[in-house]
Amino acid sequence: MSEAKIHPVLIGMAGTGVQTEKLFLSLAEQMKLPLLQILKQAELGVLIGNSTEHLKQVHVNADVALKLIDGYLLSMRLASEEAYAIEQEAVSLSSVLYDTAQQLHPIAELYGVKLELTLNGKYGPVTAHRQGLQSALVSLGYALIEALPASNAPQLKLELAAHRCRYGIVAGLYADVDRLTAEALRQGRRLFGDTRQPLPALSHSGGAGVFVADAILNAIGARLKVSHHNKRSGLGAVLQANPQLQLV
Amino acid sequence: MAEIVLLEPDTVLADLYIKAFIHQGHSVRRSVSAQDAVFLVDEKLPDIVIVELQLVAHSGIEFLYELRSYSEWQEIPIVIHSCIPPTEFTNSVKLLRDKLGVQKYLYKPQTSLQTLLRSITEVVSPDEVLHQTAEIYMDNDSPRYPIPMSVVTFNQPI
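Going down the list, the protein sequences come from chains A and H.
Numbered per the working numbering, the first sequence spans residues 1 to 248.
Numbered per the working numbering, the second sequence spans residues 1001 to 1158.
Hints may contain errors.
List of simulated lysine-lysine pairs, DSSO-like, C-alpha gap at most 30 angstroms [what the hints assert, rightly or not]: (1) Lys56(A) / Lys157(A); (2) Lys56(A) / Lys1094(H); (3) Lys56(A) / Lys122(A); (4) Lys1044(H) / Lys32(A); (5) Lys56(A) / Lys32(A); (6) Lys1094(H) / Lys32(A); (7) Lys32(A) / Lys231(A); (8) Lys1094(H) / Lys114(A); (9) Lys231(A) / Lys114(A); (10) Lys1044(H) / Lys1019(H); (11) Lys157(A) / Lys231(A); (12) Lys1094(H) / Lys157(A); (13) Lys22(A) / Lys32(A).
Bear in mind the hints are in silico, worked out from the structure with no lab data behind them.
So here's chain A without its partners, still in its complex pose (with noise of 0.2 angstroms):
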């Protein structure tokens, strides 16, 4: 078959439908994890009784796979909608960050991980889709957090920012981790998917959170980058300033 009858939407679809697969694949490979955990709070609980505790770390890994979902979801519909129909708005960044470290507390705590929120400097709104980037950052936030302890990291501390770069403004989660290049990341791209370890240098599992995030970015015209903050590695988000409310 000539390529010249291959229609550019088609060609544009077939590519969107691997991706489509690939993230799905990947999120039920991730949704694994939690799932084992709770099967396992929940045979402790029958074999030495203490029941309470399990219960409270069985919410938590509920709520993590819930949100994952939910995050895969949002992803779909998003991608799925004109770019005009998405809600962009004037976000304020200190307000996704707060609710997003919110949200994060728990599985924090769980794994030990100590969450600091930073927000210094005036960065005033940006341009995004509230939701999705709230989500996104969640979905980021639970890739780190489960891949801090498992990498040896010397502090177990992720770090909620933003800052200012040559692209915008990056709001992103940091932690002492090294071997999170951008490399990695677009290995991690290409890869995932089709392996069971997708960011071999930064997580042991399939690291579904940031393809989740990753994904929804992409929707809503943001991207994911691997950027720098306070000496600290991370992944964030790179957003525009909304110029609307720039002069009040």
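Here the structure of chain A is known, so what remains is to put chain H in place on it, guided by the hints.
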């Protein structure tokens, strides 16, 4: 009761397994990385090493190669307890059993805590095991059964 080295990268799962092991009377030292696990084994010889294959940086298989490269650690019993299904090692039974000295392969999502605890007893103190359960034994390189199973026991000693 056994002295266990647990190589498990997930903190939450590791805590749960450790509680179960301690409840059963075992003592446990846990590592998240292959390198640290080598240090733990070197620090005090364990009765058994339980290994997850999916780790950050070096894999569990690399750890096993490293472990078996030391003559004094040839006899340490190894149980793989992994999220990777054993079906993916159908062609590597000989490698796992003969070269790396793996005694059991437990597929984590389908292995209950009870099965894990029983497997430890079987490996560490086989005399204590009165009843063999319906586990599938692999006698040779051509298994009598297809591999989709949660517990694979390699019945030849290292």
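Against the structure, the hints come out as follows:
1. Lys56(A) / Lys157(A): Judged against 30 angstroms, a Cα distance of about 22 angstroms means the pair holds.
2. Lys56(A) / Lys1094(H): Distance of about 43 angstroms is beyond 30 angstroms: violated.
3. Lys56(A) / Lys122(A): Distance ~38 angstroms between Lys56(A) and Lys122(A) Cα, so the pair is violated.
4. Lys1044(H) / Lys32(A): Roughly 33 angstroms between the alpha carbons, so the hint for Lys1044(H) and Lys32(A) is violated.
5. Lys56(A) / Lys32(A): holds (19 angstroms)
6. Lys1094(H) / Lys32(A): holds (28 angstroms)
7. Lys32(A) / Lys231(A): violated (33 angstroms)
8. Lys1094(H) / Lys114(A): Cα-Cα ~44 angstroms, so violated.
9. Lys231(A) / Lys114(A): holds (17 angstroms)
10. Lys1044(H) / Lys1019(H): Measuring from Cα to Cα gives roughly 21 angstroms; hence the hint holds.
11. Lys157(A) / Lys231(A): Judged against 30 angstroms, a Cα distance of about 13 angstroms means the pair holds.
12. Lys1094(H) / Lys157(A): It is violated: about 42 angstroms lies between the C-alpha atoms, which goes past 30 angstroms.
13. Lys22(A) / Lys32(A): Given pair Lys22(A), Lys32(A) holds - Cα atoms ~16 angstroms apart, limit 30 angstroms.
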